[in-house]
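Protein chains in written order, with this note's numbering: chain A, 1 to 255; chain B, 1 to 274.
Since the hints were made in silico from the structure, they are not lab data.
Check before you lean on any hint, since a few could be wrong.
Said to hold, decoys possible - Simulated restraints, written as ranges between beta carbons of each label pair:
(1) B:173 x A:76: 50 to 56 Å
(2) B:137 x A:7: 38 to 44 Å
(3) A:242 x B:38: 31 to 37 Å
(4) A:250 x B:273: 25 to 31 Å
(5) A:138 x B:60: 24 to 30 Å
(6) A:237 x B:146: 51 to 57 Å
(7) B:60 x A:95: 57 to 63 Å
(8) A:80 x B:36: 26 to 32 Å
(9) A:15 x B:146: 57 to 63 Å
Keep in mind that this is a model prediction, so the values were computed, not measured.
Glycine included, every Cβ here is placed at the ideal spot set by N, Cα and C.
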Amino acid sequence: MPKTYSIIVIVSLFILWEILFHALNLRWYLLPPPSMILESIQSNFISLMGSLAVTIKVTLTALIASVIISVCLAIIFYFSRIVERSMMPITVILQVTPIIAIAPLISIWVDSSQMATLICAFLVAFFPLLTNTIAGLKSTDRNHLDLMKLYRANKYQLLRFVVLPNALPYFLSGLKISTGLALIGAIVGEFVIGPISGHSGLAYRIIESGYQLEIPKMFASVFLISITGILLYNAVRLLSFMILRNWHSSFSEAE
Amino acid sequence: MSLRVLSDTDRQSKLVDGQSNVLAQLKGVSKKFAGASHNALEDIKLEVFQKDFLSIVGPSGCGKTSLLKMMCGLIKPSSGTIDWPTSNFQNSPENPANLSYVFQEPNLLPWMNVYENIKLPLKIVKEDIYSADEKIYEIINLVGLQGFEGYYPRQLSGGMSMRVSIARALVTQPRVLLMDEPFSALDETRRFELSQEILKIKKEKNLTVIYVTHSIYESVYLSDRIYVMQPNPGKVFEEFDFAGIEKNEDYRFTSEFFEQAKVVSDSLKRAQHA
Numbered sequence: 001m002p003k004t005y006s007i008i009v010i011v012s013l014f015i016l017w018e019i020l021f022h023a024l025n026l027r028w029y030l031l032p033p034p035s036m037i038l039e040s041i042q043s044n045f046i047s048l049m050g051s052l053a054v055t056i057k058v059t060l061t062a063l064i065a066s067v068i069i070s071v072c073l074a075i076i077f078y079f080s081r082i083v084e085r086s087m088m089p090i091t092v093i094l095q096v097t098p099i100i101a102i103a104p105l106i107s108i109w110v111d112s113s114q115m116a117t118l119i120c121a122f123l124v125a126f127f128p129l130l131t132n133t134i135a136g137l138k139s140t141d142r143n144h145l146d147l148m149k150l151y152r153a154n155k156y157q158l159l160r161f162v163v164l165p166n167a168l169p170y171f172l173s174g175l176k177i178s179t180g181l182a183l184i185g186a187i188v189g190e191f192v193i194g195p196i197s198g199h200s201g202l203a204y205r206i207i208e209s210g211y212q213l214e215i216p217k218m219f220a221s222v223f224l225i226s227i228t229g230i231l232l233y234n235a236v237r238l239l240s241f242m243i244l245r246n247w248h249s250s251f252s253e254a255e
Numbered sequence: 001m002s003l004r005v006l007s008d009t010d011r012q013s014k015l016v017d018g019q020s021n022v023l024a025q026l027k028g029v030s031k032k033f034a035g036a037s038h039n040a041l042e043d044i045k046l047e048v049f050q051k052d053f054l055s056i057v058g059p060s061g062c063g064k065t066s067l068l069k070m071m072c073g074l075i076k077p078s079s080g081t082i083d084w085p086t087s088n089f090q091n092s093p094e095n096p097a098n099l100s101y102v103f104q105e106p107n108l109l110p111w112m113n114v115y116e117n118i119k120l121p122l123k124i125v126k127e128d129i130y131s132a133d134e135k136i137y138e139i140i141n142l143v144g145l146q147g148f149e150g151y152y153p154r155q156l157s158g159g160m161s162m163r164v165s166i167a168r169a170l171v172t173q174p175r176v177l178l179m180d181e182p183f184s185a186l187d188e189t190r191r192f193e194l195s196q197e198i199l200k201i202k203k204e205k206n207l208t209v210i211y212v213t214h215s216i217y218e219s220v221y222l223s224d225r226i227y228v229m230q231p232n233p234g235k236v237f238e239e240f241d242f243a244g245i246e247k248n249e250d251y252r253f254t255s256e257f258f259e260q261a262k263v264v265s266d267s268l269k270r271a272q273h274a
């Protein structure tokens, strides 16, 4: 039910926007009405969808890379305190330095603009995954560890049966944050680095329509980015639900 | 025959009698935890005989759990020796499952269902996977978990979870079952029901049970022998022997039972102020 309510609210807001636009006689080049934005999506369909595909590709690739690298690093950190102590500050530095500040450097170092954007998205998405996964690994119940010790489980069995499943809820909540961040990184990266060669992403469509004063197209691009963000977020939520529903307390019987 | 406190001569003669029968022997075992100023356990002398039901009772904080964990190698003693002379299995990595441990809480893995939880030890010790199913279902029937195989731990009541925990401990067909206040979180009825079942399983499987508890009644009802421990530092205060007493369901309502409970209770009182 709550889902239906939120859809009703959003749809009503769009309708109100449309009505106010006509009632107050607003300028379309300042605030185009929803109908005009939809029209713009329709007329620029091929170019916008191409850009959307590019942006999604960068986002997902960065996300997958950060999942793989953060999980591997988290496992290494879990088993070696020394490595964790010495490497963690580096990851913190990468996290606290604004991506906008590093992006120009990356674009100098890396030739391909797609690769540079991908690195930006990766850097932003990586950290929450790493810290959440580490927290998850470390929160393993002492008694569960004792149980493994009792049967003399090896490290692989320890990871597979106890430590990794225990970290799953933490990892998934990190993934929820990182999915949004990867999209932000992909957009911000392209803004700073410039159009992705071949076919530019949605960020460059925004800059381009700004230059050409095609405000409805600008809104259309923003609209598509939001929709993408919402869909990605919900995909991760669905994924967590499917993985955790049987055993985790955050999913009650009712859900 | 009723219970009696064992003197040192008694113990000596008993040890000579049952030399081949000694399953585990602890000599001068002490434990000092890192950062602690005093020993948690001091100079523990203790024998476990084959097919014993041995209870260790004592006030909380006397190191009962630590003692049990040392016996199965979960923590190392600071000094002293723990031998398993006839079997020597404690140090044999190829079959660690000879010894099973039931934790204070069910300690089930929430991401596995009942069946998978019970199967876990077999997977770890890499037992023949083809005979695994047979073993698992035999145990499931033994502890009365039929129909619950697909349930996840959070769907189970406290008593049911404990059954799964016991089943998991039994699935490797251990010779010794170490239990750390396994029923302390359960209500009286469940507790009795499950301890009754432990007795049944012990008989059926020829198990040796080492049982840590703070309940005098439980220890008197279940045990062949009782070690009473004193706190600060944890030491063995007195040892009781029940051998030869016939115990059935009604035993716990006989005056004999209450007399013995009183003897143990008095001992515990004296231990607390020793």
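Taking the hints in turn, this is what the structure says about them:
1. The hint said 50 to 56 Å for the Cβ distance between residue 173 (chain B) and residue 76 (chain A), and at roughly 37 Å that hint is violated.
2. Under the hint 38 to 44 Å, the C-beta atoms of residue 137 (chain B) and residue 7 (chain A), about 49 Å apart, miss the expected range.
3. Checked against the hint of 31 to 37 Å, the pair residue 242 (chain A) and residue 38 (chain B) fails, with Cβ atoms roughly 52 Å apart.
4. Restraint check, residue 250 (chain A) to residue 273 (chain B): a C-beta distance of roughly 49 Å breaks the suggested window 25 to 31 Å.
5. For the pair residue 138 (chain A) and residue 60 (chain B), the supplied restraint of 24 to 30 Å holds, since their beta-carbon distance comes to about 28 Å.
6. Separation of residue 237 (chain A) from residue 146 (chain B) is about 37 Å and departs from the stated range, judged on CB atoms against 51 to 57 Å.
7. Distance hint for residue 60 (chain B) and residue 95 (chain A): a CB-CB separation of about 45 Å, inconsistent with the stated range 57 to 63 Å.
8. For residue 80 (chain A) and residue 36 (chain B), the hinted distance range of 26 to 32 Å is satisfied, since their beta carbons lie about 28 Å from each other.
9. The hint said 57 to 63 Å for the Cβ distance between residue 15 (chain A) and residue 146 (chain B), and at roughly 58 Å that hint holds.
When held up to the earlier numbered hints, the structure conflicts with 1, 2, 3, 4, 6, 7 and fits the remainder.
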